[in-house]
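There are 2 protein chains.
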Amino acid sequence: MLIGILGGGQLARMTALAGLPLALRFRFLDPAPESPSRDCGELIVGRYDDAAALDRFARGLDLVTCEFENVPVAALESLAPRVPVRPGPRAFATGQDRANEKALFTSLSIPVPMFAIVRTLDELRAAAERVGTPAIMKTCRLGYDGKGQARLDHADDASLVAAWRAVREQPCVLERRIAFSREASMVCVRGLDGSTAFYPLVENVHTKGILKRSIAPSDWPEHLERSAREHAGAIARALDYVGVLAVEFFVEGEGAGARLIANEIAPRVHNSGHWTIEGAETSQFENHLRAIGGLPLGSTAPVGHSAMVNLIGGLPERAAAMSIPGAHLHHYAKEPRPGRKVGHLTVRRDTREELLHALPRVEALADSVNVLS
Amino acid sequence: MLIGILGGGQLARMTALAGLPLALRFRFLDPAPESPSRDCGELIVGRYDDAAALDRFARGLDLVTCEFENVPVAALESLAPRVPVRPGPRAFATGQDRANEKALFTSLSIPVPMFAIVRTLDELRAAAERVGTPAIMKTCRLGYDGKGQARLDHADDASLVAAWRAVREQPCVLERRIAFSREASMVCVRGLDGSTAFYPLVENVHTKGILKRSIAPSDWPEHLERSAREHAGAIARALDYVGVLAVEFFVEGEGAGARLIANEIAPRVHNSGHWTIEGAETSQFENHLRAIGGLPLGSTAPVGHSAMVNLIGGLPERAAAMSIPGAHLHHYAKEPRPGRKVGHLTVRRDTREELLHALPRVEALADSVNVLS
Numbered sequence: 000m001l002i003g004i005l006g007g008g009q010l011a012r013m014t015a016l017a018g019l020p021l022a023l024r025f026r027f028l029d030p031a032p033e034s035p036s037r038d039c040g041e042l043i044v045g046r047y048d049d050a051a052a053l054d055r056f057a058r059g060l061d062l063v064t065c066e067f068e069n070v071p072v073a074a075l076e077s078l079a080p081r082v083p084v085r086p087g088p089r090a091f092a093t094g095q096d097r098a099n100e101k102a103l104f105t106s107l108s109i110p111v112p113m114f115a116i117v118r119t120l121d122e123l124r125a126a127a128e129r130v131g132t133p134a135i136m137k138t139c140r141l142g143y144d145g146k147g148q149a150r151l152d153h154a155d156d157a158s159l160v161a162a163w164r165a166v167r168e169q170p171c172v173l174e175r176r177i178a179f180s181r182e183a184s185m186v187c188v189r190g191l192d193g194s195t196a197f198y199p200l201v202e203n204v205h206t207k208g209i210l211k212r213s214i215a216p217s218d219w220p221e222h223l224e225r226s227a228r229e230h231a232g233a234i235a236r237a238l239d240y241v242g243v244l245a246v247e248f249f250v251e252g253e254g255a256g257a258r259l260i261a262n263e264i265a266p267r268v269h270n271s272g273h274w275t276i277e278g279a280e281t282s283q284f285e286n287h288l289r290a291i292g293g294l295p296l297g298s299t300a301p302v303g304h305s306a307m308v309n310l311i312g313g314l315p316e317r318a319a320a321m322s323i324p325g326a327h328l329h330h331y332a333k334e335p336r337p338g339r340k341v342g343h344l345t346v347r348r349d350t351r352e353e354l355l356h357a358l359p360r361v362e363a364l365a366d367s368v369n370v371l372s
Numbered sequence: 000m001l002i003g004i005l006g007g008g009q010l011a012r013m014t015a016l017a018g019l020p021l022a023l024r025f026r027f028l029d030p031a032p033e034s035p036s037r038d039c040g041e042l043i044v045g046r047y048d049d050a051a052a053l054d055r056f057a058r059g060l061d062l063v064t065c066e067f068e069n070v071p072v073a074a075l076e077s078l079a080p081r082v083p084v085r086p087g088p089r090a091f092a093t094g095q096d097r098a099n100e101k102a103l104f105t106s107l108s109i110p111v112p113m114f115a116i117v118r119t120l121d122e123l124r125a126a127a128e129r130v131g132t133p134a135i136m137k138t139c140r141l142g143y144d145g146k147g148q149a150r151l152d153h154a155d156d157a158s159l160v161a162a163w164r165a166v167r168e169q170p171c172v173l174e175r176r177i178a179f180s181r182e183a184s185m186v187c188v189r190g191l192d193g194s195t196a197f198y199p200l201v202e203n204v205h206t207k208g209i210l211k212r213s214i215a216p217s218d219w220p221e222h223l224e225r226s227a228r229e230h231a232g233a234i235a236r237a238l239d240y241v242g243v244l245a246v247e248f249f250v251e252g253e254g255a256g257a258r259l260i261a262n263e264i265a266p267r268v269h270n271s272g273h274w275t276i277e278g279a280e281t282s283q284f285e286n287h288l289r290a291i292g293g294l295p296l297g298s299t300a301p302v303g304h305s306a307m308v309n310l311i312g313g314l315p316e317r318a319a320a321m322s323i324p325g326a327h328l329h330h331y332a333k334e335p336r337p338g339r340k341v342g343h344l345t346v347r348r349d350t351r352e353e354l355l356h357a358l359p360r361v362e363a364l365a366d367s368v369n370v371l372s
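Chains A and B, in that order, give the protein sequences.
Numbered as in numbering that gives the first Met the number 0, the first sequence ends at 372 without a single skipped number.
Numbered as in numbering that gives the first Met the number 0, the second sequence ends at 372 without a single skipped number.
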């Protein structure tokens, strides 16, 4: 089976590494000739809106999937009549636009921060009054890893104008900043037959809008786990989704009073699921392939306790990473640049206590090389 | 780092799959254009004694390793002045010739079956009297997976002549067949600095000379585990070995009286170590790369209990394999032929009891597709 992946970055690379043992083969389309996936299959270098490149890409494929949510819908629409595209265009239309995403959350009664859609500076002025400050503006389209965002701490006109310029006067969601205590994500997978499996709730820490660390399973109250599954399952059903889907949440409050507030969805394998390579019975990458291939889903059960620490903008020496007992290096074969995810380290232990004991050395190594901006 | 592997079969493929996450890159030399490794790096199609192919293969490599022990020593000798070859030619000179292997075992006081080296039919006649029957003849060179072997049940002249013909009148080891109760292997890894790590002792079952199933860790008496480590460690030291080394043993006797008798060594990653992909903290493939790359060795600790079942001569439908809870399919992308290893299934559980409960379904699936001859 030959699978085409739109995007040749580290997510495509790790998906292919999970698929090769199943004798799946891969072709990638990416504008960059040095794409990390080049070692794991055939890389077609071309733009996503280049019809000739799409033709070469599509020839002989059994399936198409995407490694990023901002793939042009026109590319998906051009491919869909020729080869199954999973997940389908509907998930992308939702994931690509924060206004659609918010509409989906509210239609499913999933709690979200107070928000308003703004298309003009005047709309921003009106919205700021309704939503209040501190708030955050996020462009409706093409935001990721903290890009396309601006904080709005005060509602005076100078602040509003500055924020409107900071998002380049693009349509935005203005969102009340909530006093969240923690961040979480639910990575789930839905098969072609509608069966759904959930990885344990993941505890995330971001820095400058970029995921820094994930721990799974969380040790948070059971009702949060249940609630995350319900929300993610409802979203997957509503989108008639096939593949791995991630939903990011804020956690508001503590203990029995804690509750989840939806932040955003990612219609793809997700950085907060990388720990599943070592830390779950079946990795998110293999399960994505099982789902889109119409195969039975694999167990999402955790194997002990895992932490994933991103390497951002810099890489340690291999020997330094490998001398940490139980640390697993994933090096994306990308040129380091400030703020760019170039690898990650996973450490797995049988108990949470052992994991928390092992984690500081891994985090210290990452901190010693990371260059965020 | 660009690593060259002589041989492009499944062992090379799985080694590359372990190395790609470390941003190691691979080139393979193999006479077969359809070699399983073709998806994981650059495949140079050529014979091992083709100087031009060896030149193309060697260009720009940082390291060379081998996926099989029968690589022509002349090829290694041609490469060694240009690029580090690990493990070195000495291990191959030993692993390629059962006479050398036996000499090594006896020099290290490692128990072996009663044996004699025979080069002529007359030597066979004399040896059969000394060694006794039932015995087995194994060609000194180029035997694997039961090939190049003949049983000798009786020492009458007709039987001797028939056995001599069956091994094509090649130099042989005549070995007394021992009444072994079980078969075992010790997979270990020795680093460039001489540090050595041992995976747990593996219980193996062969059928028609081909490995059928491995379970690790074994539940055998602790003194066998200790003894296997001592023997494998002594062999690795004696060969000044770098990389993964496997030693196969027969287990004679039961309980406290059980003892190991060395059968053969394999100077490479080994089929009885495939379970380490899911079942150990660091796989044998990654540890081989760490060792030859001069990097710190990874933990060889098991993660629960694992069984590996070979797929020989036939492959199940992907969906059939994937519907078995916790079964991990490794499909080598090879054309099935009777007696050819084309994949394996690994199942991992937290306890041995759970593993033994899960194993029959995996074995039944393998049995339903295997074609041994």
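There may be inaccurate statements among the hints.
Which copy is meant is left open, so a pair is good if it fits within one copy or across any two.
[Said to hold, decoys possible] Restricting the straight-line Cα-Cα distance to at most 25 Å, the calculated cross-link-like pairs of lysine to aspartate or glutamate (DMTMM-like) are:
hint	residue 1	residue 2
1	Lys333	Asp61
2	Lys333	Glu224
3	Lys340	Glu182
4	Lys207	Asp349
5	Lys333	Glu33
Hint data in this document are derived by calculation from the structure and do not stem from the laboratory.
Source: prediction; values computed, not measured.
Hints and how they fare:
1. Taking the closest pair of Cα atoms, lysine 333 and aspartate 61 come within 25 Å of each other only across two copies (20 Å); inside a single copy the shortest separation is 28 Å, beyond that limit.
2. In this assembly of identical chains, lysine 333 and glutamate 224 lie within 25 Å of each other by CA distance neither inside one copy nor across copies; the values are 35 Å within and 43 Å between.
3. In this homomeric assembly, lysine 340 and glutamate 182 come within 25 Å of each other (Cα to Cα) only inside a single copy, at 19 Å, whereas the closest approach across copies is 47 Å.
4. In the homo-oligomer, the alpha carbons of lysine 207 and aspartate 349 never lie at most 25 Å apart, since the shortest distance is 31 Å inside one protomer and 39 Å across protomers.
5. Taking the shortest alpha-carbon separations for lysine 333 and glutamate 33, only the intra-copy value of 8 Å comes in at or below 25 Å, while the best inter-copy value is 29 Å.
Hints 2, 4 from the list above are not met by this structure, while the remaining hints are.
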